[in-house]
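Please assemble the complex out of the two chains, which come individually in their own frames, going by the hints.
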Amino acid sequence: DQQVKQNSPSLSVQEGRISILNCDYTNSMFDYFLWYKKYPAEGPTFLISISSIKDKNEDGRFTVFLNKSAKHLSLHIVPSQPGDSAVYFCAASAIERYQKVTFGIGTKLQVIP
Amino acid sequence: GAGVSQSPSNKVTEKGKDVELRCDPISGHTALYWYRQRLGQGLEFLIYFQGNSAPDKSGLPSDRFSAERTGESVSTLTIQRTQQEDSAVYLCASSFTSDLYNEQFFGPGTRLTVL
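Chains as they are written, first to last, in the numbering used here: chain A, 1 to 113; chain B, 1001 to 1115.
Think of the hints as simulated: they come from the structure by calculation, not from any bench. Please read these numbers as outputs of a predicted model, since none were measured by experiment. Backbone N, C-alpha and C fix where the C-beta goes; we use that ideal spot for every residue, glycine too. A portion of the hints provided could be inaccurate.
[To be verified] Listed next, the stretches of chain B that the computed footprint assigns to chain A, with coverage defined by at least 3 CB atoms under 8 Å from CB atoms of chain A:
| no. | stretch |
| --- | --- |
| 1 | 1032-1046 |
| 2 | 1049-1063 |
| 3 | 1104-1115 |
[Unchecked claim] For each label pair, taking beta carbons as the anchor points, the in silico distance ranges come out as:
| no. | chain 1 | residue 1 | chain 2 | residue 2 | range |
| --- | --- | --- | --- | --- | --- |
| 4 | B | Pro1008 | A | Ser12 | 33 to 43 Å |
| 5 | B | Gly1051 | A | Ser8 | 34 to 44 Å |
| 6 | A | Pro113 | B | Gly1051 | 19 to 29 Å |
| 7 | A | Ser10 | B | Lys1015 | 24 to 34 Å |
| 8 | B | Asn1102 | A | Pro40 | 22 to 32 Å |
| 9 | B | Gly1040 | A | Ile95 | 26 to 36 Å |
| 10 | A | Pro40 | B | Ser1066 | 46 to 56 Å |
[To be verified] Here are some chain B residues the structure puts well away from chain A; computed CB gaps all over 10 Å:
| no. | residue |
| --- | --- |
| 11 | Glu1014 |
| 12 | Glu1020 |
| 13 | Arg1081 |
Bound conformation, chain B alone (with noise of 0.2 Å):
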């Protein structure tokens, strides 16, 4: 019965290094989304992954975000090159399927700050 994971809870890192974020879904869940909340901020929704289909990248922010998904299990944020402005907590979503009405679990989020 877990939730949705993520790993690391936290993560300091100096400008300019790489990170890999992890989300773990719920058991069984096809939809996987990734927000971030800069400080101040609303959730920015930032890519999401239904099934097989290509991924919606639209709200990416930059060409250094990437994310994959294996299956329809673990996935993984990548920043390359990270910058200040990166700093915020990244949350990881899951649902049962992408239609609408359906509710969207978060994971408890990854705090990324860069020096």
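Chain A with its partners taken away, still in its complex shape (with noise of 0.2 Å):
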């Protein structure tokens, strides 16, 4: 029973150009959502994260959406780059077990230069 979708196993996106990345969650207890990003041979890093009492949060090229009403995030990369191209993880957890992160299977982007 997988809490956390990723439906795009992969994406591809010419460099300059959006690159979008999709989430569904399934656990309304979830109030607050994590962008991880891995290399390969790395263990994943983070990247940007919000909490269910924001709809956007932006930290320069990238910004997370949250739509809690249809249980989806959306991570956009504007402009896209070549040192973008990675593994993207989404991952969420509930405010009264927040250690306990639940992450999805990730969406492997290719930005081609």
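In structure tokens, the structure reads:
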């Protein structure tokens, strides 16, 4: 039972264009959401997060949007760069058990020069 | 300025053998987490340590899995009588505290293959 779903296993985008990575969740108790980025042979690294009191959080080229009614979030990267090529994990936790983070299976992004 | 380190990086073992995986968290980080990622799956929470509190073992898949942590330093994850379905990348993470909004820093993982 996957509570955090990333339905696109891969995505290819031209350099300079926008990358949009999508994530859906089923657990209505989730109220804190994170995106992690993973390069091969390395552990995931934290990218950006959003709490359920917001619908948007921006950090440089990265913006996360949250639609609570649809239980959907997305990560926008603009402009995309070749160094952004990695696997992106969506993750979520619930306020009363925030240490227990549930991850999606990841989306592999390839940014083509 | 070392990050989270894990050893070994790769481990191949025979079904039925016991294995020990090690994690060295970032110095000063009081919280430590173990996850595993099986092929085609997301990261699966296993166990969480916070300071001297009792660990949250709710994610351990069976009693063959156990983990210990010495104070706020090294942790070992032990899998007894390994099975083929235990094959996965085992990831360790640490954070300064376990407070909300606290970023987890991950190690590179140990790839376990059970033959």
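Exercise. Is the Cβ of arginine 1081 of chain B more than 10 Å away from each Cβ in chain A?
Worked result: holds, 26 Å
Exercise. How does the coverage statement for the stretch 1049-1063 of chain B fare against chain A, requiring three or more residues with Cβ below 8 Å from a Cβ of that chain?
Worked result: holds (count 4)
Exercise. Is it true that the C-beta distance of proline 40 of chain A to serine 1066 of chain B lies inside 46 to 56 Å, as the hint says?
Worked result: violated, 30 Å
Problem set entry | Least C-beta distance from glutamate 1020 of chain B to chain A larger than 10 Å | Answer for glutamate 1020 of chain B: holds, closest chain A Cβ roughly 19 Å.
Problem set entry | glutamate 1014 of chain B non-interfacial with respect to chain A [C-beta, more than 10 Å] | Given that every Cβ of chain A is farther than 10 Å from that of glutamate 1014 of chain B, nearest at about 25 Å, it holds.
Exercise. Can the suggested window of 22 to 32 Å be confirmed for the beta-carbon pair asparagine 1102 of chain B and proline 40 of chain A?
Worked result: holds, 26 Å
Problem set entry | Verdict for serine 10 of chain A, lysine 1015 of chain B (Cβ pair) under range 24 to 34 Å | holds, 33 Å
Problem set entry | Distance restraint evaluation - proline 1008 of chain B, serine 12 of chain A, Cβ atoms, bounds 33 to 43 Å | holds, 34 Å
Exercise. At the C-beta level, are glycine 1040 of chain B and isoleucine 95 of chain A separated by a distance inside 26 to 36 Å?
Worked result: holds, 30 Å
For this session: Report holds or violated for chain A covering the stretch 1104-1115 of chain B, Cβ cut-off 8 Å, minimum 3 residues.
Result: holds (count 6)
Problem set entry | Distance restraint evaluation - proline 113 of chain A, glycine 1051 of chain B, Cβ atoms, bounds 19 to 29 Å | violated, 47 Å
Exercise. Taking 34 to 44 Å as the hint, is the beta-carbon distance of glycine 1051 of chain B and serine 8 of chain A inside that range?
Worked result: holds, 39 Å
Violated hints, in rising order: 6 and 10; the structure is consistent with all others.
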